[in-house]
Amino acid sequence: MVTLTNEALKARIQRGELIERPEEMTEEYRYELKRMLLIAGDTEFRSVPMLYSYFHVGVPYKYAKSVLAIAQDELGHAHIDYRLLEDLGENVETLLFERDVNQWVYPYFFDMPIENWAEIAVAEGLGEYAGGLLVRNIFHHTSYAPWRRALVKVDLEENFHVKFGQALMRELCATPQGRKQLQRATDWMFPLLVEFFGPPAKAEDVQLDYHLKGKGTDGLRGDYLEYALPFATSLGLELPAHYDTEQKKYVLDFPFPCAFGPEKKQWDFSAPVTWKEVFARWKQRGPMAEEHLRWIRKGSESLRRPGSSRR
Amino acid sequence: MDPSLAHAALRALEEVMDPELGVSVVSMGLIRDLSVQDGVAEVKLTFTSMGCPWTDWIEKGIKEKLLSVEGIDQVNLEVVWDHPWSRRDLRPDARETLRKMGISV
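Protein chains in written order, with the working numbering: chain A, 1 to 311; chain B, 1001 to 1105.
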């Protein structure tokens, strides 16, 4: 029997071939694929409690069904990722209901409390785009064929969520008061969304070698700025970034990364920090992480409890 | 009745997409009737279900698109439920797109 080496698998993938079955994978490929599936699934899934929290703020009736539809879409996307993880030997029940809060892997952004309609609009209009970039980076490039097939509909839905968010932001911008609220929301959300893609790209990234994704973190961040800046500016909002004509790209006007106070939703642009400090904040998780996880576990726990009845 | 305007209106509606599927409202079979007379477009529209979360969005899209057609300056939309929408209302192009997305039609 010939043992499949990582190099042979990389060469095969780099010729443009796709992987269909677990037997075709090396341990390394399998590990990286599972890692990416878990991050993708957790990101989709943990966006749902945030969407649910919009109803605590108050969603105008005409948008209520739309917000629910978006939450349903995200659950569906998470289901795809977790379902593929099941094929690779993971137990979804354990993943969803038995992991501790800091064992989840999703952007810190979803741990923030949402407190007004402007924050909802920005979370959709600017936040959904960040999520969509992660999906598209996989959809257009992944060498794992079952994942690529499953993402066709996901890509389309994520695009639409952005359009919905843009419409909400445009609507709010129609009044000076609304624009002021949007600016306040953007001030704390935008840097978190810049951070969303993770630390600077590594010189060597085996996920790129295996065509599990097309771009590293910096590439995605660049794409994000190319969307966020023109759109926000068109609404008269100010973002701490600008287009640098010499570098021919958008650059940030604040030290990245820098200190964030989640309680006050405030960035301190005069206080650069190290990535080690950012990782520590992420690991500790944000203000709503525990509560959101309680919501997720609540139904499952009540069903498991002896003598409990479904209400 | 202005047949050339009605034709232009239909072409315009082919650019209004069902937000969840990226297929036009015409190909989805949501437009039940369309006529234009004296600058007024009369549209009979249905949705794939009564619980469709994007009814406002689609209606707004249709109105905006029709008003952008030269010669149309008013749009009257009527939502109809008889007969209820079913997959038989899909045009062949929509059927093909949905199948590619993994939706069984």
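Hints may contain errors.
Unchecked claim - Derived contacts from chain A toward chain B, CB cut-off under 7 Å, selection only:
no.	residue
1	P60
2	Y61
3	K62
4	S66
What the hints assert, rightly or not - Calculated pairs, DSS-like style, for lysine-lysine (alpha carbon to alpha carbon, straight line, at most 30 Å):
no.	chain 1	residue 1	chain 2	residue 2
5	A	K65	A	K298
6	A	K298	A	K62
7	A	K62	B	K1065
8	A	K215	B	K1060
9	B	K1060	A	K276
10	A	K62	B	K1060
If you are wondering where the hints come from, they were derived from the structure by calculation, not from laboratory data. No residue lacks a Cβ here, since even glycine has one placed at the ideal position from N, Cα and C.
Cross-check of the supplied hints:
no.	hint	result
1	P60	violated (10 Å)
2	Y61	violated (10 Å)
3	K62	holds (5 Å)
4	S66	holds (5 Å)
5	A/K65 x A/K298	holds (24 Å)
6	A/K298 x A/K62	holds (29 Å)
7	A/K62 x B/K1065	holds (21 Å)
8	A/K215 x B/K1060	violated (37 Å)
9	B/K1060 x A/K276	violated (48 Å)
10	A/K62 x B/K1060	holds (12 Å)
When held up to the earlier numbered hints, the structure conflicts with 1, 2, 8, 9 and fits the remainder.
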